[in-house]
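Q: The lines below spell out each chain.
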Amino acid sequence: MVALGTGGYNQNNDMTAEAEITTAQQPVIRCESVYKIFGDNAESMLEEADGVVDADKFHQAGCIVGVNDASFEVHQGELLIIMGLSGSGKSTLLRCISRLTDATAGKIFIEGDDILQMNSKQLIELRRSKMGMVFQSFALLPHKTVLENIAFPLQVKGVSTRDSIQRAKEMVDLVSLSGRENYFPRQLSGGQQQRVGIARSLAIEPDIWFLDEPFSALDPLIRKEMQDEFLRLQDVLGKTILFVTHDFDEALRLADRIAIMKDGVIEQLDTPANIVLNPATEYVRKFTEEVPREKVLKIKSVMDPFDPAEDFSDFRVPQDAIIETVAESVLNAGKPVRVVDDAGEVVGALHASHIVHVLFGGHADHAAEKSS
Amino acid sequence: MSEALRQNKYLQFALLLVVFVLLCMLITPTESNWFWRLPPLIQQLPFIINDSVDYLMFEWWPIEVYDPEIEDYEEKPLVREITRSTSGLILFMIEFVREILLGGVKTIVTFMGWDWATENKWARWPALPWTVVAGGAAILGYALGGWRLSLFVGATFVYIAVFGQWEPSMETLSFVLVAAPAAVLLGLLFGVWAFRNRTVEAILNPILNIMQIVPHFSYLIPVMVFFGIGDHAGAIATIIFATPPMVRLTLLGLKQVPPEVGEAGLMSGCNSWQLLVRVLLPTARRDILIGVNQVIMSCLAMVVIASLIGAKGLGNDLLIALNRLRIGLALEIGVCIVLIAIMLDRLSLAWANKQTDYFADLSFVQRNKYSLMFGGVFVAGIVLAWIGSFIFREGFNYLYLIPHNKGITTENFWQAGVDWIWDTFFYTLKGFNEWLIVEVLVPVKTAYLAMPVAATFVLAMGIGFIIGGIRSALIIGGLLLFIALTEWWDRALITAYLVTVSVVISTFLGVVVGTICAQHPVSSRFILTVCDTFQTFPSFIYLIPVMMLFGVTDTSVLIAIVIYATVPATRYTVEGLLSVPPSLHEAGSMSGVNRLQRWLFIELPMSFPHMALGVNQTVVFALSMVIIGAMIGTDDLGQLILGALSEKNGVGNGLTLGICVAFIGLAIDQVLRTWANQRKSQLGLA
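One line per chain: the protein sequences are A and B, in this order.
Each residue of the first sequence is one higher than the one before, starting from 2 at the first, in this note's numbering.
Each residue of the second sequence is one higher than the one before, starting from 85 at the first, in this note's numbering.
Keep in mind that a hint or two might mislead.
Some, not all, of what chain B presents toward chain A, calculated at C-beta under 7 Å [unchecked claim]:
#1 E344
#2 V345
#3 E347
#4 A348
#5 M351
#6 S352
#7 G353
#8 C354
#9 N355
#10 Q358
#11 P366
#12 T367
Listed next, the in silico DSS-like pairs over lysine-lysine satisfying Cα-Cα at most 27 Å (straight line) [stated by the list, open to error]:
#13 K131(A) to K158(A)
#14 K438(B) to K170(A)
#15 K131(A) to K108(A)
#16 K263(A) to K225(A)
#17 K339(B) to K122(A)
#18 K93(B) to K764(B)
#19 K108(A) to K122(A)
#20 K158(A) to K438(B)
#21 K396(B) to K190(B)
#22 K263(A) to K58(A)
#23 K170(A) to K225(A)
#24 K339(B) to K158(A)
Simulated from the structure, these hints should not be mistaken for lab results.
All residues carry an ideal CB built from backbone N, CA and C; glycine is no exception.
Please construct the entire structure, taking both the sequences and the accompanying hints into account.
A: What follows is the structure, given as structure tokens:
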């Protein structure tokens, strides 16, 4: 019966991430007041503005604000999703952190080193050893085969052809593309191309994995399949991940934490459950309105304190399971169920009425609100 | 009235025409009337050019150079030293390739000196037997592109050898094998530089624009002045002519690389060199390969032109054959040139598309099979040549080298054909010829010469103003003013007349043929292939059949120009019509248009801007044929340029004349390009 809950558990192993936040361990990525402003006199304008950037005012002066005062940390093994609509600055922020563009102001630390202070040699070294990136349009090299594309980051690093091709073959197996080693990108479907992109970004075994809308160019069905594949990989590899998407469902499905951006500003940065339950701004609330709560919330957020006097069913659910995954079993149990933590200790009780409320109540309230 | 005039461009054109005709009638043609002809105020320009070139070459910026002959330092002018060493380098490379193919002593001389070579008679590089060259080339073809390419390459060399064109062909080949890679490298270099640096791009852009419009023979004179005469001069002129499209296509290709691909390269840890060589250039290779193709075609198109300043090889022979009216021989040489062009193009293409197999576990023989095959061919060829020396005891050893014009020839057959055509159609051809000259060409020419200079300016600048505003009008006025102030205004009018007549005919033919062929995918693909093939042919090839029919007359020139210039008109028409989006066709069909209506109201308006660029190309092609026409005998600017090539002090004249031809092209380009760009942005195509 416990097996029922493990799917949900595996998807959301932010347990470990949260544990690490509390320890004083150094964050893998740390941004301090990062600004990116496009335009000729961006720097001087930013200096005058003294940290308070009004997008409209800058726009009138011919500048476009890409990222506005972004500060956050990403920890070892954490999957942070940057979510926003097009033009919200999410890709720009990602490119600032990978230094594909130079931030106009602020500090960006990768494992404690300020990458804005790095010279190009150090930067190349960093990318060769620690970073991998996946692109929305796949960005494969059209003149190279699947194998050559995957081996490319190793070859520019100076790994011999024999070794790099050997490693590329392993990667091909990892992303389930065996048999297509000698295909050219143009001979592959979109999903297959992105698998190559993923394999290429992982070839050097990076610590930090950047994904820029990796599944946005794919069909809905393929996208779902690739998300599953991605979760499977992440489960095995446990990289520190910055993932950009404009798809809120995707963000909820994959993220440990989500940063929602609008006009270059991070509106809210929190766990999926907190974003859905406590949207910080009106903008975030609009996003979360339509989200089915049972798909986001964990048992933890709806459980009651444990009262040994009650009559419990034998069924137990992990506190980190997503409600949707266990709802049916809980409702069928007929009695309240125990909620357990990682170690199997009972930490709370779950009543069917709560689940019914999450499944139907929220929407009913909402509909009533709307009609009034 | 004035409001209507401002709105309606047709009204503006009508008014302009009225003013033009009035001016033509009112201005009296007298020498002293400035409205009739401007005085040649810059008559002195050629002399000034001569003097400044002399100064530049022989006096400006002397530097100390060590001369081993007199074992001391000597003062020599900088420019001359630079051009000399460039010439020396290029000549050495050409000779080096040539001697590998044909044998010789010059490469050895370069290193050891004449005295040593004269003393040691044995120190002579032997020619490769033609069988080895042909076999080696076929193996190369096989290695790069499989047996079909191999067959084609082999057949090309066999044709060349069998028809007795081995030596001139190898001379031409050695020349192209130096010029083409040089042009490709230079093009890549400048293209990348412009891509990296916006200032460079801003500077290069107008220069490239002008270089593409300036006819290829214009480079001959400056090159001759700075680099002298010979193979190297021809190669340099060719490189200058062939590089601009390469630069442009490299830049275009690099700009079209999706930014994410570049970012992927960076994130893969490329440094800037790796990014360029392993990511950007290969991703842009589609355009770059088109550039390489253009370079090869340009090189072979320059073969004859380059022979005017001393390049040896097929071009020179072709020129002589044409001058002697040996049509059959000219045809055979022409085929050689075309075959070499196609062969090099295919080989370079196959090379760029080659793949590596990482899985194969190869034995020594397999890994080195091409080298082994070549070794086999090498030995077999030498053995054959050795056997040949017994068979052909007397005369030539056909298994070693087939001497020039000693192969088989079909000349008699072609000559008989020409004779037959002459005998059978003499009166028809003559009648047509005379009719064309008397009824069409002469009246148009007279009309052009009867234009007062003021009227010409009003007309040209007026058109410029209506289409492109005051800026265009001033540019055109400036270009024409330069021509009007030289002493060659009348000659320029004759050039303009030839170009006008041929462009009108070419455009008409091109649009008609293009439209018909664009109706069906099969026919449009066919016609595009034909256009490709025709563009491969060096321009003067068209003189061969035309001269067969019309002899040395204006008609021949006109027809040759028309054939050559119709190609771009056709191509751009087809491409323009094909680029009309299918959704528009469907929208048209659902609106109930018939075939004619669709063509008139949908396809033509949509493809007009593209066609205008085709006409622009037609003008460029026609202008570049002017010098070819001069070889037959015309009395326009081309003739004077041809003359300037053989004059001792022809630099000034030749350069000024070249500028005049170029300016005619630039003026027309200004109008057509402005219009096409306007229309394109209106239609949302740009």
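Q: Work down the list of hints and note, for each, if the structure agrees.
A: Comparing the hints with the structure gives:
1. E344: holds, 4 Å
2. V345: With a closest approach of 5 Å, the V345(B) hint holds.
3. E347: Holds: closest Cβ of chain A sits about 5 Å from E347(B), inside 7 Å.
4. A348: holds, 4 Å
5. M351: For M351(B), the interface hint holds, since the closest Cβ of chain A sits about 4 Å away, which is under 7 Å.
6. S352: holds, 4 Å
7. G353: holds, 3 Å
8. C354: OK, holds: C354(B) within 7 Å of chain A, min 5 Å.
9. N355: At about 5 Å, which falls below the 7 Å cut-off, the nearest Cβ of chain A leaves the hint on N355(B) intact, so it holds.
10. Q358: holds, 5 Å
11. P366: holds, 4 Å
12. T367: At 6 Å from the nearest chain A Cβ, T367(B) passes the 7 Å test, so the hint holds.
13. K131(A) to K158(A): Satisfied, since the Cα-Cα distance of roughly 12 Å is no more than 27 Å.
14. K438(B) to K170(A): holds, 21 Å
15. K131(A) to K108(A): Status holds; Cα separation ~19 Å.
16. K263(A) to K225(A): holds, 26 Å
17. K339(B) to K122(A): holds, 25 Å
18. K93(B) to K764(B): Within the cut-off at roughly 17 Å; holds.
19. K108(A) to K122(A): Answer holds: K108(A) to K122(A) is near 19 Å, not above 27 Å.
20. K158(A) to K438(B): holds, 24 Å
21. K396(B) to K190(B): Distance ~15 Å between K396(B) and K190(B) Cα, so the pair holds.
22. K263(A) to K58(A): With a Cα-Cα distance of about 17 Å, the restraint between K263(A) and K58(A) holds, given a limit of 27 Å.
23. K170(A) to K225(A): holds, 25 Å
24. K339(B) to K158(A): holds, 26 Å
Going down the numbered hints, you'll see the structure goes against none, and every one checks out.
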